[in-house]
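Participant: Sequence:
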Amino acid sequence: MLKNINLSKILFLDIETVPETYNFKELSSGKKEIWKEKYGGGKEYPKSSMLAEFGRIICISVGFFDLKTSKKRSFRVKSFVGEEIEILENFKTLCDSHFHLKSSLLCAHNGREFDFPFIARRMIINKIKLPKILDMQEKKPWEIPHLDTLYLWKFGDYKSSISLRLLSEVLGLNSKKIKLKGKNIADTFYLEKQINKIVEYCENDVLILSRVILRFRNEPILKDKEVVFLKN
1 MLKNINLSKI
11 LFLDIETVPE
21 TYNFKELSSG
31 KKEIWKEKYG
41 GGKEYPKSSM
51 LAEFGRIICI
61 SVGFFDLKTS
71 KKRSFRVKSF
81 VGEEIEILEN
91 FKTLCDSHFH
101 LKSSLLCAHN
111 GREFDFPFIA
121 RRMIINKIKL
131 PKILDMQEKK
141 PWEIPHLDTL
151 YLWKFGDYKS
161 SISLRLLSEV
171 LGLNSKKIKL
181 KGKNIADTFY
191 LEKQINKIVE
201 YCENDVLILS
211 RVILRFRNEP
221 ILKDKEVVFL
231 KN
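Just so we're aligned, residue 1 is where the sequence shown starts under my numbering, counting upward by one.
Calculated from the structure, these hints are not laboratory results.
One or more of the hints may lead you astray.
As the list claims (entries may be wrong) - Calculated lysine to any residue pairs in the SDA-like style (CA-CA distance at most 20 Å, straight line): (1) Lys129 <-> Leu180; (2) Lys3 <-> Lys78; (3) Lys92 <-> Arg73; (4) Lys193 <-> Leu214; (5) Lys78 <-> Lys197; (6) Lys183 <-> His98; (7) Lys78 <-> Leu51; (8) Lys225 <-> Ile178; (9) Lys197 <-> Ile178; (10) Lys68 <-> Ser104.
Only a predicted model underlies this, so the values are computations on that prediction, with no experimental measurement involved.
Full structure from sequences and hints, please.
Facilitator: This is how it looks when you write it as structure tokens:
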């Protein structure tokens, strides 16, 4: 049961992705041909950020509860940015050093169908050995232990879906409002080159995730003063 899980064993995460290239015409000829055959052409290309084969990761934000170093509860947040291979290697180092035990869990919203497999696929593409916590290639869906707030909210109703922001709203979490929208991530990254805005957006989702899990466990919601932002 969710209530019985040790919070300090959970690595909360969110990723931000963009198309491999900003313009469809800049894509390699091989990928361009395959994209046209399967998806129809350049007009649909912005959607490529959702596919690990055509997109790439520009930010991974993580958070974890620190219940040991002090008597008070704290939640530590850190983001990985830079070249994609650097992002993935740093994330792997964190997983291998602190979240490598059998009891370790990942948590994301729609993580089972997006974040977890996207990270794993990009690691393989970049020739990075998967950390143990992400090595799920031969596991059946029901054998994957990781937490997904989307599926936790479904309660077995697989026809329904809900965004993390709507879930936060209906649970009364009063989350920080961020002006940046998911559909604008590529423009913010490629044209405006404002990675800090993207980091803020990504870290905010990690905070929402942690508060949703606490709400599901009927525990006191995380306060801003309990959050520690670690330097990137």
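Participant: Please name the hints from earlier in the document that this structure breaks, with their numbers sorted from lowest to highest.
Facilitator: 1, 2, 3, 4, 6 and 7
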